[in-house]
Each structure stands twice: as structure tokens, then as C-alpha cells.
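Turn these sequences into a full structure, and let the hints steer you where they fit.
Residue numbers (our numbering), protein chains in the order written: chain A, 7 to 483; chain B, 227 to 707.
The set of hints was computed from the structure by calculation and includes no laboratory data. Quick reminder that beta carbons are idealized off the backbone N, C-alpha and C, glycines included. Hints are supplied without guarantee of correctness; some may be wrong.
What the hints assert, rightly or not - Examples of chain B residues lying across from chain A (beta carbon under 8 Å, computed):
| id | residue |
| --- | --- |
| 1 | 240 |
| 2 | 242 |
| 3 | 312 |
| 4 | 316 |
| 5 | 415 |
| 6 | 424 |
| 7 | 516 |
| 8 | 519 |
| 9 | 522 |
| 10 | 525 |
| 11 | 537 |
| 12 | 590 |
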Amino acid sequence: MAGGDVIIGLEVHVQLNRLRSKLFCGCSTDYHASDPNTHTCPVCLGLPGTLPVMNRRAVEYAIRVALALNCEIQGETLFYRKNYYYPDLPKAFQITQYDFPLGMGGSILIKGEDGEEKKIRITRVHMEEDPGRLVHAGTIDRAKYSMVDYNRCGMALLEVVTEPDLRSPKEARSFLDKLRNILEYLDVFDGGLEGAMRIDSNISLVGGERAEVKNISSHKGVEKALAYEITRQRSARRRGVAQVQETRHYDELRAITVSIRTKEEAHDYRYFPEPDLVPMRIADWVPEVEAELPELPDAKRERFVAEYGIADDHARSLTSEIRVANFYEVVAKRAPSRLAAAWIADVLKGELNYRDITIDKFSPDHMVEILSMLEGGKITEKGAVEVIRTILDHSGDLSEVTPTRVVEAKGLARAGNDAVKAAVRAAVEESAQAVADYRAGNEKAINFIVGVVMKKTRGRADPGEANRLVKETLDEI
Amino acid sequence: MVMIRELQEGLFAGGSAEEMINSLFEKIRRSRLNAYNHIAEDQALERAREFDRSPWEGSLAGVPIAIKDSISTRGIETNCSSRILSGYVPPYDAHVIERLKEEGAIIIGKTNMDEFAMGTSTETSYFGPTKNPWDLDRVPGGSSGGSAAAVAAGEAPAALGSDTGGSIRGPASFCGIVGIKPTYGLVSRYGLVSYANSLEQIGPLAMDVEDAALVMEAISGHDPRDSTSVKSEGGYLSGLNGGVEGLTFGVPKEYFGEGVGEGVDPEVERSVWDAISKLEELGASWKMVSLPHTKYALAAYYIIAMSEASSNLARFDGLRYGLRLGADQDWHSTFSEIRAAGFGPEVKRRILLGTYALSAGYYGRYYLKALKVRTLIKQDFERALSSGGADLLVTPTMPFPAFKIGERIEDPLSLYMADVFTVPINLAGVPAISLPCGFADGLPIGLQIIGRHFDEVSLLRAAKAYEDATPYHEAVPKEVI
Ligand SMILES: [Zn+2]
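Shown next, in the form of C-alpha cells:
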């Protein structure tokens, strides 16, 4: 899919959903579990006579993001009206930014297609209000009717626009993962909520016109949508059909893109400055926000390497999600840091991914307990994995499944020395042929005997230890 | 004629608010003016009975007030005299309504206006024109024509209007009463259905300066729900009787004789000069000043107002509130039909022109240019009203007295010209008052006094001094008797 002929730029709409209230009114942002149209007021419904009032915390969050994305912050920022008719837009205009956006000229580092660090330039970061949500009865092109939910209407959005620096769907995904990670570090965003991140993408093949693909509703969907679009454009090119500049809608159910308008039908949004909001001088505000900026992923990664002496790969993996990084730091303060890094990055994260759950489902105390049992030789590595899986798969009260209890209940305690020695003696006696082979100089024959030992101890013996004891016994005889 | 102060004296002396309001309603029902769109009979009478049971305090305790139909009133239909808002009942009160209620006032109804405040005569109302109480064949001015006619005819002691380009001062002038356009930002616009956000202010219409100041005191002040609103010092009533001695009035030469003053009725011009002499007699001085960009004001005003209006009025699609027609079709057809049927011709004209002015390729030529003109006009006023210049400016409010219903409505440009003395004030954001200063063939003439930003105190003081020395505000239209 790389091929080097693909040019992708993204426009990412990020809901600042860690805010308590909407961008221009006092409505609560905590609507995800509520009935439609229950988190509304005259202002966000755009009733006649209502006026927007800027949520200052939203501006602060936006400055935080713009700084973290290495943008230059404008001294004074301005809001505009973007005029268009759509049923999810009750005022028939969206308050957004146009000239003088909050931040410009930023960049972030991602892991590129070739595995190397790659800088993706960010054109601009601006604030705007979220429209409502349309629910179509069926697909957008065939629905008999649609319903509108204004709960989302007026949520604070940030639009992050990249330069066309991305070269594959995988890089696009990598950018979005990194962006989400930064936003969660900044505590302005919860990527787990519905509608938290929505992506429009400009995509073209070298030498061709671009298509804008709208309505990609998750950073996981982006790879699929872009892959489909690249295939579509390539095959059109092979058939000699030129790509025209157009807007396409991503239909998530069918996993295809559908053309919704061409350039000739492009909107004229008649932008003009919003007369109900005054220009905002934010320059004096920036140093304050900057001083309170938390540690960001790249910095945290470097610190983990230096402070905990762990491998860069482990540090990268641990810092790719704020919750994992925080989990690691809690554990590393109470357990050997390198062992903790390996077990969290290599084992626990894999088990979480496999189950599609977050690290909140696992207690750092349990991790410390497991690591301490491993260190003290009380369980084997295999046993430790088994403990983790048992806890993750447990659906009831987590206090019932402490690692110690799991070890007891499942008999995972590492076999004691006497038990292993007895198993070794028995195994040597039973394996006459293997013993003979060993004496005849076939060193590998010892593996068979170790296998018998493991069987007899039901895996609770340490394989290395068993190997050493078998060898000792054979050499004594 | 009803005065706030007289009503309050009656109430304090034990008079019944219910009886007083009932007699107003009786008068409104008999009226031929068409000043009201909706009477809030149940709400008002219930509040009046409550007041009679246990009277409350407040600067407007028990005082009935009429409200322009563009100001949102909880539980009372608010249509802006447009068919498209048929049946719309706001679930909330505008800031000014909250303030009036806090001061004890009783809202009695919603007054007629030009549709969405787009007009100078109240003839563009979906509910038909309001008539001028001085001559039923004539317009009351606009767009707050219902408010002005109601006050002039004694159908309300005071009313609120909104002034985007003269919509309070014009009707006050045509109906022979007092109307104030406050400094932009002094009165919260929260709840005022927007026509042109950057220009308009809510203000009072009353029989005299003191009543107007009383209402101003109640409605002005900071409201966190309007980002353009500012804190106010108040003090309008206490500063009322300071006189004009030592004040310098500026007379803008562009408003007289050549230039935009050319079409001014000679009677109007004579009355305004008489007023200037009267002010001089009262101890003020005057001098000619210049507002050199006046001739561009009307064009800039209409471009800005129409552009903002085209965006403000886009939300009216009949889907969530307002007009519904027959069975629903697809969204596009449904809202197109509702807008086609719901807006009158003047509103459509302004939406189309505003849409055009904001379009890609024209934005710079029209909207941006109009904003630049606006800055120049603001600077004109700041210069004329700077220290060393004049303290206040004095001009006619309207170039002529009330014209006949139907006389100008077919010729929008001649109607727009009527705003020539009032729109520069909105572009500059400064405060202005219109008060009676004479008659031409039995029709009232209005004097406009213009002040510095947020200097309503001087404005009202000067107006009060003039009013005390002249009889014009005491005249009563035929229709009242
Ligand atoms: Zn709201």
C-alpha cells in the first residue's frame, strides 16, 4: 500500500470532551449515556435571540494542544461564522475560526512507514463548535428520514489540519495514534467516547486530483477508508478515468467511499467575523498555560530510559498511552523496573489488546504482587502469564482474584526442591533409553528427561532448574 | 397620555393595578392603531392581582410596559411581525425582560414592528401597518412603530424598542415622544432576535425624558450572556437636572444644507435651529462641526446590516419552531417552501443582498469596505466629540415628519434615505436620543441629540433641560381623546 505515490493530508476534529460544559453555553458535556436532546438549552439550540459566550477553559485547553503540537500561538484570535444549511446546524452557521486561527505551523513526530521517526507538519489548529448528530434511517444515500440529536451540538471541537506529509494509510493511523496519545496526556480528551475524534482526509495519487473523504469516525476506520480510496483511485487510473476534485463520504457499514459533490458544487461558506464574540487577546495567556503543560510522550519516553534504565522499545511502548505510562510508574516504584517494563509492555499490553480492554481493568498492586512472586521464584513465567489471564478473564469482584489466590486455586506455585528432585530421580529411572543415549554422547537426550520432569511436576518446575538437576543426577551415577 | 410617575403615584395611593391594566387593555381593544401583535392578558392580570394582594418594591413596581415583538418573552408569543415565526413562544426571557420584572414592571404585550425590524415605517409587518396616532393615514415610523404609537396614544406608559439604524428614534420622532438608542454594549442584547448584531441596541420609548431615564436605569448594565455588553455606571436619574450651562453643542454641517441634508423638510430644519437657539438661551454654546464621511454612512450601514441579517435569519427553517406548511417533504423542499412563504418581500430583498455582499469575490468589495467606512465614521464622531470639540451633537432625527402609509413602501431606496441622520450613530456605536421639538402641519418633529460613548448622563441631562423649557412633549394626539 506504500508505493510512494500516495499523498495524504488529514483534518482531524477532536472533541475537547474533558471539559465540563459546552463551548458557548453551560450545558453539560456528559451526554453519552443520555437520551437524545436532553443536554440542550436555548443557546445551543440556536433559539432566536440567544448569544454565544466563550468557555474560557476551552480556550485554555486549545492553547495547551496547540503548544503540545509545537504551534505558534497567535497574539489575538478571532471567530467567524461559516454559513451553510444543514439540519444538524440549528443556527445555519457554525462558529469557527478562519483568519487568525489559534495556532499555526506546528509538527509532531511519528513512526514512519520505514520505521524511522518522521516529522509531520501541522498547518493549523483552530477552535469551533460541534454540530448536532444526524441519525439516518439506513444509509445516507437511501435513508427515508433522518433524526437529529442536539446533545452534541455546541461541544468544543479542535480542528487539527496537517500538511500533505503522510504517505500511506498506516502512516495516517500512526499520526492519529500519536495525536490521540498527546491529547490524552494533556487531559483534554477521552478517545474512548463516541464521536470523540472524526477525520476528514485529502487523498491523491501523485499527478492526480485529490478527493476529500469525509465522515471517518474513528482512527481505526481511517486505515480501511484510505486503503479503499487508494485502491479505487489506482484502479480508476488503470482504466484511464481521471480523478476529479470531489468530496466523498465514507460509509462505515459498507466500508466504501461514495461521491457526494464535485468541485463545481463546492460551497461558498460566506465567512465573516462573528459579531457576537469579541476578538480574544491570548498572547498574555500563553506563558501561564505553557508553564502548566504536563510531560508529553516523547519527553516521558526519554525520562523512562534514563530513570528506570529500560530499553527504548519498552519505553516507547509504555508511553504510547498515558494510562499505561502511569501504570508503569506506579509499579516500577515498587518492583524491579526492568522486569516491570518487560512484563507490562510485552505481556500485559498484549493480553489487553487481545481482549480489547484498557489497563484500568488491571490493578498495579496485582502487577507488583506477580512480579514479586516471579522474583522470589514462587511462580514460573508460564505461571505468571496464567495469573494475568485469569484475572483479566474474571468477570466478578476483583478482590476475589488476587494473584496469590489465583496461584493457590490453580496450583501454580513453583514446585519445591524436594519435589523436583524426586521427580528427577523418577524420570531418570524411567528413561533408560535416554540415559543410555546421553552416556553415548548425545547431549540432546537430556531434553527428553527434562520433559518428563515437567510433566511430573505439571509445569511448576523451572525448566532451567530441572535441566541442571537432571544433568547433576546423570553425572553422579 | 399615561406617565409612569403618575401611574405609580396612583398605585401608591391605593389604586388597583388590576383595574389600571384592565383599562389599558380596554383601550387597546378599542384602538384603531394596530400597535400590538399580542396582548399578554392572562400573564399581566395575574401579576397585577398578585401586586394588589401584596405590592412589591422596585423602581417600576406595578408599571405596565409594552415590548417590541423582537424581544423574547417567556410564555408570550414572539414573532418579529413575521409569518415565519408564527406560534413561536420563547422558553426564556430576554435580559431586559428579567430586569424589568426584577424592578417590578408588568409586561402587557408585544408591539408591532417592521418584519424582523427591517423598515422605517412598520409597513413591512406581516400583521399589517401600525397607524400614527397623530394622523391615522400616516406611518408611525419604524421599525419600533408599534411601541412608539402605543406610548404616544396612551396604550402603554412606556415601551421597549430596538434600534439598529434609527428604529427607536425614528418612531419616537414621528409619534412625538422620547426614544433612546443607548451606547452599543450598554444594554444586553440577550434575547433580542438579531437583525444586525453589531449595530443594534434595545432602548426605551416614553412620554418624557424622566420616564425614559427610569427605564434606562432598569435595563442597562453588564450581562455575562452578552459578550459585547459592558458595565454601566447608571446615574441617569440623579444627573437629570444638571442643566446645559457650560455644555457645547456641535452642529454637523453635513446634516444641514448641502450633502445628505439636502432633502430635509424646511419645517424640520427650522425647528432644529429653534432648538439650538433654545439651548443657547439656556446657557449652552454651540459650534459647527464636521462629520466628513457622512455621505458614505447609508451605503455602509445597509451592507453591514443586510450581510449580518442574511446569516442571522438563515436559522428560520420551520423545523424546530415557527411556521409549518402542510405535509413534510424532503428537508430541502420543506425548508425552501417555508422560507418562501414565511418571509415578506423586504426581508427577502435584504437576505438576498446580504448573501450577495458576503459571497466569495464580493466580500472584499462590499463587506470589508463597509467595515472600513464604519471605522472612518466612528473616527468622525470621536473627533467631533473629543475634548476641545463638542460635548454633544444636535441634528434632526428624521429628515421629514411622518409620511403617508403606502407613500414610500414601493420605493425601497427612498425609504432607506429616511434613515440618513440615524444610521451613522449606530455605525459609530454612540448614544442618541430623539425628543419632540416642534410640529409641521400638526405632525411631530424630533430633535436628535448625540453623545459620547457611555455618556448617557450628559445626553439625558441636556434633553431634560430642553424638555423643561419647551411645551412640545405635552401635546396629545387626537386619537388619544
Ligand atoms: Zn446549551
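Status of the residue 312(B) interface restraint (C-beta, 8 Å, chain A): Violated - the Cβ of residue 312(B) stays beyond 8 Å from chain A, reaching only about 13 Å at its closest.
Cut-off 8 Å, beta-carbon criterion: hint that residue 590(B) touches chain A: Cβ of residue 590(B) sits 11 Å from chain A, so the hint is violated.
Cut-off 8 Å, beta-carbon criterion: hint that residue 522(B) touches chain A: violated (20 Å)
Residue 415(B) as an interface hint toward chain A, with CB separation required under 8 Å: OK, holds: residue 415(B) within 8 Å of chain A, min 7 Å.
Interface restraint verdict for residue 537(B) against chain A (beta-carbon cut-off 8 Å): Holds: closest Cβ of chain A sits about 5 Å from residue 537(B), inside 8 Å.
Minimum beta-carbon distance criterion (8 Å), residue 316(B) to chain A: holds (7 Å)
Per-residue hint verdict: residue 519(B), partner chain A, C-beta under 8 Å: violated (21 Å)
Satisfaction of the residue 240(B) interface hint, Cβ to chain A closer than 8 Å: This interface hint is violated because 38 Å lies over the 8 Å limit.
Per-residue hint verdict: residue 242(B), partner chain A, C-beta under 8 Å: Violated: closest Cβ of chain A sits about 34 Å from residue 242(B), beyond 8 Å.
Interface hint outcome for residue 525(B) [beta carbon to chain A under 8 Å]: violated (17 Å)
When the least beta-carbon distance from residue 516(B) to chain A is tested against 8 Å, hint result: Not OK, violated: residue 516(B) not within 8 Å of chain A, min 29 Å.
Status of the hint placing residue 424(B) at chain A (closest C-beta pair under 8 Å): Holds - the Cβ of residue 424(B) comes within 8 Å of chain A, reaching about 4 Å at its closest.
Checked against the numbered hints given earlier, this structure breaks hints 1, 2, 3, 7, 8, 9, 10, 12; the rest are met.
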